[in-house]
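Chemist: So the chains spell out like this:
Protein chains: 2
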Amino acid sequence: MDGLTRRRFLQALGVSGGAGALLATLAANGGTAVTPPWTPPARAGRAGRSVVVLGGGIAGLTTAYELGKAGHRCTVLEARARPGGRVLTIRGGDRETDLDGHTQRAAFAYGTYFNAGAARIAPWMVTLDYCRELGVPVEVFVNSNADAFIHRSAGGAPVRFRTARADLYGYVSQLLTRVTRQGLLDAELATGGRDELLAFLREFGRLTDTGEYLGGPDRGFAVYPGADGGVPLQGPPSLSEVLTGGAGASLGFDLGFDQAMPMFQPVGGMDRIPAALARAVGEERIRLGAEVVAVTNRPDGVEVRYRQDGRAHAIVADFCVATLPPHLMARIPHNLGDDVSLALAAFRPAAAGKIGLEYASRWWETELGIYGGSTDTDLDLRQVWYPSSGFHSPRGLVVGYYNFGPDAEAYASLAPRDRAARAVSLGERIHGPRFRTELASSFSVSWSRVPHLEGAWATPPYGSPAFALLRSPAGRVLFAGDWLSHTVAWQHGAFVSARAAVTAVHERA
Amino acid sequence: MDGLTRRRFLQALGVSGGAGALLATLAANGGTAVTPPWTPPARAGRAGRSVVVLGGGIAGLTTAYELGKAGHRCTVLEARARPGGRVLTIRGGDRETDLDGHTQRAAFAYGTYFNAGAARIAPWMVTLDYCRELGVPVEVFVNSNADAFIHRSAGGAPVRFRTARADLYGYVSQLLTRVTRQGLLDAELATGGRDELLAFLREFGRLTDTGEYLGGPDRGFAVYPGADGGVPLQGPPSLSEVLTGGAGASLGFDLGFDQAMPMFQPVGGMDRIPAALARAVGEERIRLGAEVVAVTNRPDGVEVRYRQDGRAHAIVADFCVATLPPHLMARIPHNLGDDVSLALAAFRPAAAGKIGLEYASRWWETELGIYGGSTDTDLDLRQVWYPSSGFHSPRGLVVGYYNFGPDAEAYASLAPRDRAARAVSLGERIHGPRFRTELASSFSVSWSRVPHLEGAWATPPYGSPAFALLRSPAGRVLFAGDWLSHTVAWQHGAFVSARAAVTAVHERA
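Line order of the protein sequences matches chains A and B. Quick note on my numbering: the first sequence kicks off at 1198 and runs consecutively. Quick note on my numbering: the second sequence kicks off at 1198 and runs consecutively.
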């Protein structure tokens, strides 16, 4: 880390001089919590400007929230009936109609909720900082569960993550121990570490004194120990069975910088975040059902025309911050230039889908011992999520699939009832009959078919002139959204992109 | 799994015949939740017997609870001022005096609590079943946190778990990839799996196409990505630096069958469990401050003499279930025979200690980005725990050390204020000045010095005649406790041992 970066850390930490020595060392090692630094604009006072914000998702709401704190006057235009965009939490009574005309009305019981879009927060994300600032309580989201399943359709019954992990780590450790002991890595280990490597592998792989992996308690048990010593699981399978079984592909997930445990969620549903933002912005500043139909940049202001309740409206402001999905923004007539149109069209919307399956009992807890986390399958369900809250309560909601690309498009092409039928049929193969018999209701969202969003996220053309162009103001119009950040498909990306737009607006105002 | 075991599974699941085929397969793979099976006794009606239970910890309370449900009349004698034993939660105003005469009074703010003993529950433990049955809400306990530190006093600044893990997994994968590509494992991989092994290692170790580990985003960042791409951490260190740095010893912990994530805790403090048990037993059946002084087995009953409020009392019952720590039970005069005395003396009490450090701010969240989990150090603190609940609230309690054996004995020999001074001084080395400056109050428990417990747990002589002897009735006296189970030092062990005693009493009644 160079001196400049270290100074930024220490500024962020509010320390200086000798007192910061340890913190500086910590910082150099990633030991301080460094979300991207940002200085909120100072309050503008009477000089505040008017800003029209297109889109009432996280980027739009954050833009209005931060500009409002700085003394600017914002109006948010949101085409959907509620703010939040893809931060969508479905509760009993909620109704959504998709682009194919399918209308679903959630029949969930009171207290059941379904985070159909954003669902988890990594601890380094500014999303958590906004939860703190806005008073949104958070709790742990179980992103990884040793007792959830890895399921391969060719492989018969699913295995627990803990079993697959023990077997793979065990055999990998055994193999590396063997060649290390045989001296085959002496060149690589010439500068030291041979004994430490063997000690690590022995512990990590639960190896015997002779370096063999023979299984052991960390695989899990058929009957767990108690008054007596427990009944071991069958196995372990042979080295080749473990390697060719395919479970290894599931084991790297929770090592990701954006997926490692612990992860977090707001208590009561992810939409607590946009709801808190909307309250802080002032609900009177947010126009719902307002569909933008034209954006015109002028020397003295920007005019945005929109339709609301079947009538045409126009608003003129000093600035416009456009946070609509780029592929939808590309369709709106504007005078920002052909290069802007081409740049917007360079972002590719991605398909993803989820189904919320509400159950009349929490059989995954009582029968399978699975408390949160997700099962990984090569069926087109891809992931099945178990709830991270409400443990032991009478009901619960399982995300029956979370899938992407072609899998998501396949479900999107089905009517909601057929999506549920397919999800239940496949889920039953993994979980047994309760996956069907305990089902109370369901609700599915195929993001590519949601009006005014038409995609789960938009993949940016990183490094392209198009990406750079949209990060610069187009006259009095600025763009923001997770799609303009380096953390696309995360609320974090929307927050930090909005912050950048806020700074740019404020500096010009 | 043999046919008998499979039948037990299916009985436990309440399924039979063809419907159970998948579940049977699941069961054979550990895919059903199988805590040790137990059938509660049927209600005895008028034939209920009187039982005196020695000790009001989990084993004693569970014995009284389950025997009460079966129609027996229990009296629990507990020497301490509250039930729960080592399930001890300290809140503001609580007072404890240790065997050395040190009295501490907790100055914690309202809402702060310190689980000084039992603190976590694995999802397969019957402890969770009792939480469900008793209506004790549970939440996730963060037992492993990618952002907590690994600290080695010789190594300078601490590293994050995520960084150490990425580096070790990366280099291990690189080494094994190299020898596999060189054909040095062709014999071991003759039956298949070579390509799958290479694919797994590449993903698991985040290797390049050429099989090199060069670091990458999963090590963490100096500045995390946001609007821009993020600033990488320094590093990675060299292979030998990583291997000899000592972090590997910290990485196997959360692979343990009793430690893997997710883990759980009752909302509001672990003593919610004994409190709920005590309510269910009936507080009038629990005599607090009642110190047992003699146990006499007779043909027609068992007499227990005890002291309460300075006065001598006696109680005669049909049966006695003794759940006191074995090393304390060994001191109580009885007529159960010398072999029982010798067997009790074969259990060795173990030292462990914790200190609760209440802070006036949650600096570990705001400054270090650590939300729950624990730091592992080779200082005598051993583990520093961050709270798993109350995220973002004004205050919070860090467990400044959780240590065992000689480390615990060293702290036990200090006065409470000196324990706090040492813990803060060492914790500051890892965490920086906030570890000292934000401290509000502290409370420490050295379990070997707690009256009527005198140990964190007692290590059983597994496989010995002594262990077997105490698991059989001694006349009308039966023993129970985690120390008689195969899951010592866990509430689970106390619950299952109590269940065994309950069955034995009921069958003889």
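The hints are simulated quantities; they were obtained by calculation from the structure and are not laboratory data. Just so it is clear, the structure is predicted and the values come from calculations on it, not from any experiment. Don't take each hint at face value.
Stated by the list, open to error - Covered by chain B, per the in silico footprint, the following chain A stretches (three or more residues, Cβ under 8 Å): (1) 1244-1255; (2) 1579-1585.
Unchecked claim - Which chain B residues face chain A? A few, computed with CB under 10 Å, are given here: (3) Thr1236; (4) Tyr1307; (5) Val1339; (6) Thr1377; (7) Leu1381; (8) Thr1388; (9) Pro1422; (10) Pro1459; (11) Ile1529; (12) Tyr1568; (13) Ser1586; (14) Ser1682.
Just so you know, even glycine gets a beta-carbon here, dropped at the ideal spot from N, CA and C.
Chemist: Now, for every hint given, state plainly whether the structure supports it.
Modeler: Hint by hint, here is what the structure shows:
1. 1244-1255: violated (count 0)
2. 1579-1585: violated (count 1)
3. Thr1236: Hint on Thr1236 of chain B: violated, closest Cβ of chain A at ~14 Å, above 10 Å.
4. Tyr1307: It is violated, given that the least Cβ distance between Tyr1307 of chain B and chain A is near 17 Å, above 10 Å.
5. Val1339: Holds, about 5 Å.
6. Thr1377: Since the shortest Cβ distance to chain A is 8 Å, the answer is holds.
7. Leu1381: Because about 5 Å separates Leu1381 of chain B from the closest Cβ in chain A, which is inside the 10 Å limit, the hint holds.
8. Thr1388: For Thr1388 of chain B, the interface hint holds, since the closest Cβ of chain A sits about 4 Å away, which is under 10 Å.
9. Pro1422: holds, 4 Å
10. Pro1459: Holds. Min distance 5 Å.
11. Ile1529: Given a least distance of 24 Å, the restraint on Ile1529 of chain B is violated.
12. Tyr1568: For Tyr1568 of chain B, the interface hint holds, since the closest Cβ of chain A sits about 5 Å away, which is under 10 Å.
13. Ser1586: Check passed: Cβ of Ser1586 of chain B comes within 8 Å of chain A, closer than 10 Å.
14. Ser1682: This hint holds: Ser1682 of chain B lies near chain A, its Cβ roughly 5 Å from the closest one there, short of 10 Å.
The structure is inconsistent with the numbered hints 1, 2, 3, 4 and 11, although it conforms to all the rest.
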